[in-house]
Structures are given as C-alpha cells and as structure tokens.
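K.L.:
Sequence:
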Amino acid sequence: MQALKDEFLADCPTEKGFRQRGMNMTRIEVFVDAAFAFAVTMLVISIDQIPRSVPELIEISKYIPGFVLSVAQLVFVWHSHATWSKQFGLEDGKTVFLSSSLLVVMLIFIYPLKMMFQGLFAWLTDGYLPSQYNLSNYDELRILFLYFAAGFFLISLIFLALYKHALNRQKELKLSDYEMFHTRTEIMMRLNMMTVCALAFIFPMLVSDQWLPLTGFTYALLGPSSYLLYKHRDKKWQQINQSP
Numbered sequence: 019m020q021a022l023k024d025e026f027l028a029d030c031p032t033e034k035g036f037r038q039r040g041m042n043m044t045r046i047e048v049f050v051d052a053a054f055a056f057a058v059t060m061l062v063i064s065i066d067q068i069p070r071s072v073p074e075l076i077e078i079s080k081y082i083p084g085f086v087l088s089v090a091q092l093v094f095v096w097h098s099h100a101t102w103s104k105q106f107g108l109e110d111g112k113t114v115f116l117s118s119s120l121l122v123v124m125l126i127f128i129y130p131l132k133m134m135f136q137g138l139f140a141w142l143t144d145g146y147l148p149s150q151y152n153l154s155n156y157d158e159l160r161i162l163f164l165y166f167a168a169g170f171f172l173i174s175l176i177f178l179a180l181y182k183h184a185l186n187r188q189k190e191l192k193l194s195d196y197e198m199f200h201t202r203t204e205i206m207m208r209l210n211m212m213t214v215c216a217l218a219f220i221f222p223m224l225v226s227d228q229w230l231p232l233t234g235f236t237y238a239l240l241g242p243s244s245y246l247l248y249k250h251r252d253k254k255w256q257q258i259n260q261s262p
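Just so we're on the same page, the numbering used here is the position in the sequence shown counted from 1, plus 18.
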C-alpha cells in the first residue's frame, strides 16, 4: 500500500478530530452493507405466520421487543464497521478477510441473538411476551449463554484486529497523533468487551441452575466499564496536550 497523498488528506472531511479517509464507499463496504440488510431480513422472515385477525396481530406484536433489540445489536455492529471504514478507507486483503469473517460470525449469530432477547423479555414478563424458542432444561440455557458469549467475543476480536491492522498502517495512512491515540483507545475498548464476554462465558459454567438466568446480565458491565475507559483516555489525552 502506498502512502496517501497530502492533497487527498487535505480534502478529507473531519469528524471529531478524525479524518474520514473512506468517505467513498469501497466494494467491501457495499458488500458488508448488503449482508447486514440480509441479516435483518432473516430476523423478519423468521416470524413464520402472517396475522389474519386482530388477536393474531396482537399475539405477533408481542415479539416486537425482542426483534427491536436484535436489530439494534445488528445496527451497532454495522455502524461500528461503517465508522472504521470511513476513518481508514482500507480495502486490502486483510481488510477483506476480516470484514468477511465479521459477516460470517454475524450470520451465524443471528438466531442465538434473537433467542437471547426473546428469552429475556419472556423471563422479565413471566411469559406475557413469548419466545418462539423452547428450552427444555437449564443445560440448554447454559449452552445458549455460552454460544452468545462466544459470538460476541469473536465479533469484538475481529474489530480489535481491524483497528490493530489500521494502526499498523499508520505511516501509509498518515495518522495524526490524536488519530493513533483514538485508535489505541478503540483497541482497548475491544479488549474490555472481550473481557466481559469471557466473564459471561465462564459464569454460566460455575453457578448452579438457580442462579443461571442472572448470569445473562453480565453484559451490563459493558456500560460502566466503557464509560470509565473512555473517561480515563480523555483525561490522558488532555494531559498529553498540556505537557510541554
């Protein structure tokens, strides 16, 4: 890969201090967008019947909360990849491999994702919001939790590899000091996510059946841990700027 020209960088728009080197959509980004649209379609068509009456419409509407959260998770992953693509604009072999790997994991991840969120609402509402999936025993729930944690871990690992790859191309991309600092922050964030996923994978194997459903709330650690990490990194950047 040849180094980007200064003339090109000068024309790149800037968002939050980061030059957007990939504003023109690459072929791999178009492919990723289409694949995520297909993934959302798979969530929709998995509802196996069309309502023919108002009671049936009401019954199917009870699946909406689980569907919405499933789509929100897909959109989060898609937006994260789109942000990375706009910031770095890479389209080399490693980018294609990592992006394709992300799609494979996401397409495998769709149904466990939906099972998790439908099961969550069924559990919180004592069955008023139903789930299309039936679990026979706690061992099946334990397997579902492990499956979900492994998928989330792999997604975070792929994003870590994408940001690490971009950082390795810092000379060709001509990343500024802030851009390199921001990229390292995103790598740390993915490590944070992977740590939470590892805990979410381990806890179901350690606790008794009585406490097993509560281990699904391990992901709530992502909120405070992400906030503290970003806050710490912001303070560190301010200290770097203030140092002579």
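Keep in mind that the hints were calculated from the coordinates and are not lab data. Errors might be hidden in some of the hints.
As the list claims (entries may be wrong) - Mimicking EDC-like on lysine to aspartate or glutamate, the simulated pairs with C-alpha atoms at most 16 Å apart in a straight line are:
1) K112 - E47
2) K182 - D110
3) K182 - D252
4) K192 - D24
5) K189 - E47
6) K34 - D252
7) K254 - E190
8) K192 - D29
K.L.:
Compare the structure with each hint and give your call.
P.N.:
Hint by hint, here is what the structure shows:
{"no.": "1", "hint": "K112 - E47", "in the structure": "holds, 14 Å"}
{"no.": "2", "hint": "K182 - D110", "in the structure": "holds, 14 Å"}
{"no.": "3", "hint": "K182 - D252", "in the structure": "violated, 20 Å"}
{"no.": "4", "hint": "K192 - D24", "in the structure": "holds, 9 Å"}
{"no.": "5", "hint": "K189 - E47", "in the structure": "violated, 23 Å"}
{"no.": "6", "hint": "K34 - D252", "in the structure": "holds, 13 Å"}
{"no.": "7", "hint": "K254 - E190", "in the structure": "violated, 26 Å"}
{"no.": "8", "hint": "K192 - D29", "in the structure": "holds, 14 Å"}
In the structure shown, a violation is registered for the earlier hints numbered 3, 5 and 7, in ascending order.
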